Amino acid sequence: MTRTEYARLQEAQRKQLPAYQNGKGRAPAIGERPMYLRMSPAEFHALPDNPAQRDTVRRAGKAKHLCVFRLTHVDVQVGQLPNGKLVKINGHTRGLVYTSQGKPGIPKVDFVPPILNVRVYQIKDEAELIALYECVDTPQESKDTNDRLASVERLLGITWSSLYLQRRRYTSAVRYADAILHKGVMPERARTGLTATLLQAVDRMQGILRIVDEMDIPASTVPAPIVAALMVTLAWHREDARAFFSSYFAKEGTQIGSKLSAQFAYRDAVRNIGKLFIDEQMKTAVRKAIDAIERHARGNRPMSHGLKEATNEMIETLNAEYSGGQ
Numbered sequence: 001m002t003r004t005e006y007a008r009l010q011e012a013q014r015k016q017l018p019a020y021q022n023g024k025g026r027a028p029a030i031g032e033r034p035m036y037l038r039m040s041p042a043e044f045h046a047l048p049d050n051p052a053q054r055d056t057v058r059r060a061g062k063a064k065h066l067c068v069f070r071l072t073h074v075d076v077q078v079g080q081l082p083n084g085k086l087v088k089i090n091g092h093t094r095g096l097v098y099t100s101q102g103k104p105g106i107p108k109v110d111f112v113p114p115i116l117n118v119r120v121y122q123i124k125d126e127a128e129l130i131a132l133y134e135c136v137d138t139p140q141e142s143k144d145t146n147d148r149l150a151s152v153e154r155l156l157g158i159t160w161s162s163l164y165l166q167r168r169r170y171t172s173a174v175r176y177a178d179a180i181l182h183k184g185v186m187p188e189r190a191r192t193g194l195t196a197t198l199l200q201a202v203d204r205m206q207g208i209l210r211i212v213d214e215m216d217i218p219a220s221t222v223p224a225p226i227v228a229a230l231m232v233t234l235a236w237h238r239e240d241a242r243a244f245f246s247s248y249f250a251k252e253g254t255q256i257g258s259k260l261s262a263q264f265a266y267r268d269a270v271r272n273i274g275k276l277f278i279d280e281q282m283k284t285a286v287r288k289a290i291d292a293i294e295r296h297a298r299g300n301r302p303m304s305h306g307l308k309e310a311t312n313e314m315i316e317t318l319n320a321e322y323s324g325g326q
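Numbering (the working numbering), first residue to last: 1 to 326.
Hints in this document: simulated from the structure, not taken from any laboratory.
It cannot be assumed that every hint is accurate.
What the hints assert, rightly or not - Straight-line alpha carbon distances no greater than 30 Å define the calculated DSSO-like cross-link-like pairs of lysine-lysine that follow: (1) Lys259 to Lys283; (2) Lys308 to Lys259; (3) Lys108 to Lys64; (4) Lys124 to Lys103; (5) Lys103 to Lys62; (6) Lys103 to Lys183.
Owing to the predicted nature of the structure, the values given are computational and were not obtained by experimental measurement.
Please construct the entire structure, taking both the sequences and the accompanying hints into account.
Dropping the structure here:
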């Protein structure tokens, strides 16, 4: 579409769409005839962000799809709260890119539309605003795991001090751990318990995650099943789990011939974990971590035999004690 064609289209739409009037007037409810406004990119960008919005600055730097103008780029959506306040539902990245041309890290676009077509939804509260965000913020916007975690952390008001959590590589681990702890599934069945949203899982696991944040976990990639085992056993064993895994990540421990300390025995048990299916990875990482933690807590005497796998009965008892203590 050329700029001339775009100008003609906007002129036709101008006769139908009211200009932005600072949110005055009632927006229609979903199902009613939709209401649209015309806003400049600057007016739209100045509206409050959706509470669940991800890291807009980071996304803007990767928004190469906006470099070549498409007609769909002018369509955005907002929600109108009962007090008349307008809040963005989508279009956060476009608003930033269009109003930040020439700034470092912002992709150069071939055309900045002077007017955006803004569809307005009447909403009753913030929860509905977030629900609409989840509906319209689709996979077509290439939202990756890092973005989803950024949204969740922002919504929950979470910030991390450790580089490991700051890099947001814990999605799978926190969801597996949440399934074991709060759905009562066995480690090798953790996938069947992944019914919670990422928001629900992180919210329920905040206390455990804050302990993880205080630990010196390597910033390099640690297999998700091992991090899940850490989270689960922190819930079950608390300080004993923290002491063992801190020592494990610090690569401490002893080996005397064929006799291994708990750290070496666990390292040996998970050495080739990446070659297993995820169910077997979870089984090995969690069930053997329990024996390693208990051996470490008993004095960590090197032993010639490997780690035992915790039984279902043991796991059920540990989970019942954890649930009862919350």
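Going down the list of hints, with the structure as the test:
In summary, the hint linking Lys259 to Lys283 is supported, as the alpha carbons are separated by about 24 Å, within the 30 Å threshold. At most 30 Å may separate the alpha-carbon atoms for a hinted pair to count; Lys308 and Lys259 meet this at roughly 15 Å. The straight-line distance between the Cα atoms of Lys108 and Lys64 is roughly 9 Å, inside the 30 Å bound, and the hint therefore holds. Of the supplied pair hints, the one linking Lys124 and Lys103 is violated, its CA atoms being roughly 37 Å apart against a limit of 30 Å.
Our distance criterion of 30 Å between C-alpha atoms is met by Lys103 and Lys62, whose separation comes to about 14 Å. Proposed proximity of Lys103 and Lys183 is contradicted: the alpha carbons are some 48 Å apart, above 30 Å.
Going through the hint list in order, the structure does not satisfy hints 4 and 6.
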